[in-house]
Amino acid sequence: MAQVPRAGRGAEPAVRFNHTLLQRARLELDLTQEQVAASIGVDVRTYRRYESGAVNDPRLGFSVRSPSRRRILERLSAELGIAEAELLVGDAGGAPAEAPAAAAEAPAAAAEERPPAAAPAGPQGGVPAWRPLHAHTLQRARHFVGRAEILDRLAAWADASPPEPRVVALLGVGGAGKTAIAERFLQGLGDAPRPGGVLVWSFYDDPRTEAFLDQAAAYFAPGAGGSGTSAPPAPASPGEQLARLRAALGQGPPHLLVLDGLETVQADGSAGRAHGELRDALLRRLLCAIAAGLGGARALVTSRFELADLAAWADGGLAAIRPASLSPDDAASLLRRWGIRGDDGALRALLDRTGGHALSVAVVGSYVGAFLGGDAGRLAAAQLDEAERDDALARRLSSVLSAYARALPPGERDLLARLSVFPGGAGEAALLQLARAGGEIAGAMAGWGAAELARGLARLERLGLVFAARQGEVCYSTHPFVRQHFKALLGVTPERVHAAGGAAPAPRLDEAPRRPPRERPALDAHEAVIVELLGAGRAGEAYDIYSIGLGGFAYLGLKLGDMARGARILRAFAGGDDPGGMPASLPARVRAALAYDAGLYAGALGDLAFACACYEAHNEAAEALADPAPLATGLRTLAYTRRLRGDLAGARRLVERSAEVADRGADRAHAVRALALLGAVLHDLGEVDAAAERFARLRSMGDAPFARRGLWESEHDLALGRREKAREATAQNIAACRRRGWEGHVAHGHTLLGLALLDGEGGEGGESGDGGGSVAAAESHLGEARRWASATGEVEVALRCHELAARIALARGRHDEGARQALEGLHVAETCGFGPFRARLATLAARCALGRGADGGRGGDGQRRGDARDAGGGRDGAAAAVLAGAAVAWAGEDAWARADALHWAGVAAARCGDAPRGRELLAEAAALRERLRHPRADASREALARLG
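In terms of our numbering, the sequence shown opens at residue 53 and continues consecutively.
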């Protein structure tokens, strides 16, 4: 046998793949390349490399050291009846060669079967360096027809620089062909290196948004802690995931995200949320950032629902493509590809039954071809009765699937039904485990071995009812619509089937760990047990695992910062998006507690509207309890959230009611907490004396400033210029909170200390502060606060960090950095609905724009060192005017935010040469600041005087 030298390895026998034998065997069996590819579980491009001989390296021959190649050889042998030894020949193409023994993979082996990996960095010297990463395999249409116009449009969009729009959404009913179009588009892109990365994720396979963000950050930002490959990434802390990903996407390369099945993480509008609203705030923020413009990044998503969160970009950053029903010609072509015979009239009769619905046409074609001999005329006898459903296309498809279920052999029907239990797909080992379980679990699969299972899966794959995803272990799945239909045929609860197919032993509730878990696999296991118990109607046990095993919000949220997981678990308890839908079998106290925790997770993630809905559900349940404490707590927390949204009048009413409830119950602890929050709300409303009176009353009641109520009083003092008092109280508060492990309050305190250090001598906003040491100390406090924001992703703390970072940049004269921090925070505040933060951050962005003026922004009130009437504001002045004007509108009832926004709007107007408008705004600012006893009231009066 010929010898091929290999550097460092000596000489090894050269083996070549016998592609001519493969082609001959396929033709003898009258199979298409697509059919063979589907039967062995590879895409047709990979199969064609084998049949054409492209897998044979001109120098090294054909290596079978890769497990994926060995698996393909085994499948080819089984499907085509060819001995494996016959598929391997000597270098001269003569006698069959003995397959080399399994060994460590050679570096060059089987590149086309491995999941492609990203290069560790972007293009070097103009050479494309990003290989697409298919985290999940999108379901491929067995036969694809039409859609040329859509595919051409997507191809041009993928190559555009910059892309217009930034987000393209393929929208339509289930089975309309959205995923098939996305998969075909990806085929056209190919797997060759590109100037930007391509990440493919299916939320059908894995709806966990934190897993998606982990993988995306690891792929697009390999230099920031990610692996840069398709290997499972090291989990990042929740707050780091999105920040790392946004930073990487914003660097400029034409990165592409393909997100399939977005409706699985969107609300259906039934309760609690708007139709099409993304449930996860981090994913919402990412897509909004891409739509607004994030480097060269673009996203293609498929969904059954409109993207409600991106409605603001409908005229620019977002475009919706709604695939129409197949044309009669395309539908007829698809039917003929399934082997359907008949004249035009018979085919039209079939098409009338489908309405051109892509999946319905495919299923009809598969059904007629497999069970009716390809005779289109025989379908009339199939009794495809229309079910009573609203959606005509869904009704037609359901009727075809019902006929399919009757025609399939019992074993294959039950296999498909059991496969439908696993939305992320299942491997052969799990399915074989079900067959061996026997009884109701196995159904007609009872007694099956590995060979019977392989034949059943291969047949269902050829029929187009299942598809194989081969990223690592072979995993079989099916279309969500098919899954939904056949899952109803189980005859046993899905939870029992899911548990029997899992690799882990059944959980034992009598062996609880000594302490809640920290590692992600253990957390995943706890979450899976909770979901299984809820499905089995054992809500009480599920609650015990959540509240004791996972520690509830106090541990899962405050200690681990795993807010997304907590929100997902609470949604499982509610059975959807209605926080009032907690299991009726649970006591009212527990139902209220679950709704309250759901609000805490939502609030931390920045989903303020849903947090309010959760607290309202909690309060409704708490009304019926004898203990007033839960109601007092719920009213106060709802008031706190309304304050964050900018609804100060509503917050005031709620917190006053909370105080009344606490007083009726003689609950001093809740009374002082309500009083402190009322002081903060009154301060925001500009009722400074009333706020001071509430804080003084707290002390008269013997309450020491502590936790949030201490932070609120310090914010009041700092706003009035009492810096040293605020700093001393906050330092003591931080120490007390740290002893108790309340790191969220500690982080809030550090941002407050940073601001206190900057609000010293010097100009408005502390451009010079009280020395470089103060600015450096403020940066140290910012670092402390950011640790918590990174660990948890808590949006309120993240916004405070953006505010402090922008103020520090202003103090150092780094106006571009300050603008970046302010605008990033503004985007988050807008996306999540934090009203007052929008105003404060927009004002900071305006100040940074003014600071980029000709004098470098050194004037304390934002003016040049000359005359405020100078009309040379230019582009920066115009930008500042727009931002400050928006801040005035966004300030709403917040008197302090409005006073500052008015001042800088007046300065910007004067800078742009509009002196009358400048005087008007500055006069209003001066009056409001004087009423508030604002320490910078003099700056407004002086700026007004200079305008004459």
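If you're looking for bench data, these hints aren't it; they were derived computationally from the structure.
Any given hint could turn out to be false.
To be verified - Here are the in silico distance ranges between beta carbons for each label pair:
| no. | residue 1 | residue 2 | range |
| --- | --- | --- | --- |
| 1 | ARG205 | ARG998 | 30 to 36 Å |
| 2 | PRO110 | ALA496 | 26 to 32 Å |
| 3 | PRO214 | SER385 | 49 to 55 Å |
| 4 | GLY491 | ALA137 | 18 to 24 Å |
| 5 | GLY793 | ALA376 | 36 to 42 Å |
| 6 | GLY793 | GLU126 | 37 to 43 Å |
| 7 | ASP679 | ALA606 | 16 to 22 Å |
| 8 | GLY926 | GLY793 | 48 to 54 Å |
| 9 | LEU541 | ARG716 | 53 to 59 Å |
| 10 | ARG985 | ARG705 | 22 to 28 Å |
| 11 | LEU73 | ARG458 | 38 to 44 Å |
| 12 | ALA676 | ARG705 | 41 to 47 Å |
Don't be surprised by glycine CBs; every beta carbon is placed ideally from N, CA and C.
Pairwise beta carbon distance, ASP679 to ALA606, judged against the given window 16 to 22 Å: At roughly 19 Å between Cβ atoms, ALA606 and ASP679 fall inside 16 to 22 Å, so the hint holds.
Range hint 37 to 43 Å: satisfied by the CB atoms of GLY793 and GLU126? violated, 55 Å
Measuring from beta carbon to beta carbon, are LEU73 and ARG458 in 38 to 44 Å? holds, 40 Å
Does the Cβ pair ARG205, ARG998 satisfy 30 to 36 Å? violated, 56 Å
Does the Cβ-Cβ separation between LEU541 and ARG716 fall within 53 to 59 Å? holds, 56 Å
When you take the CB atoms of PRO214 and SER385, is the distance between them in 49 to 55 Å? violated, 37 Å
Does the Cβ distance between ALA676 and ARG705 fall inside 41 to 47 Å? violated, 22 Å
Does 36 to 42 Å hold as the CB distance between GLY793 and ALA376, or does it fail? violated, 57 Å
Taking 26 to 32 Å as the hint, is the beta-carbon distance of PRO110 and ALA496 inside that range? violated, 51 Å
Beta-carbon spacing of ARG985 to ARG705 - inside the hinted bounds 22 to 28 Å or not: The hint (22 to 28 Å, Cβ to Cβ) holds, given that ARG985 and ARG705 are roughly 26 Å apart.
Honestly, do GLY926 and GLY793 meet the 48 to 54 Å range at C-beta? Taking Cβ atoms as reference, GLY926 and GLY793 lie about 51 Å apart, which means the hint holds.
Looking only at beta-carbon atoms, does the pair GLY491, ALA137 fall within the given range of 18 to 24 Å? Check failed, 41 Å falls outside 18 to 24 Å.
This entry does not satisfy hints 1, 2, 3, 4, 5, 6, 12, going by the numbered hints stated previously.
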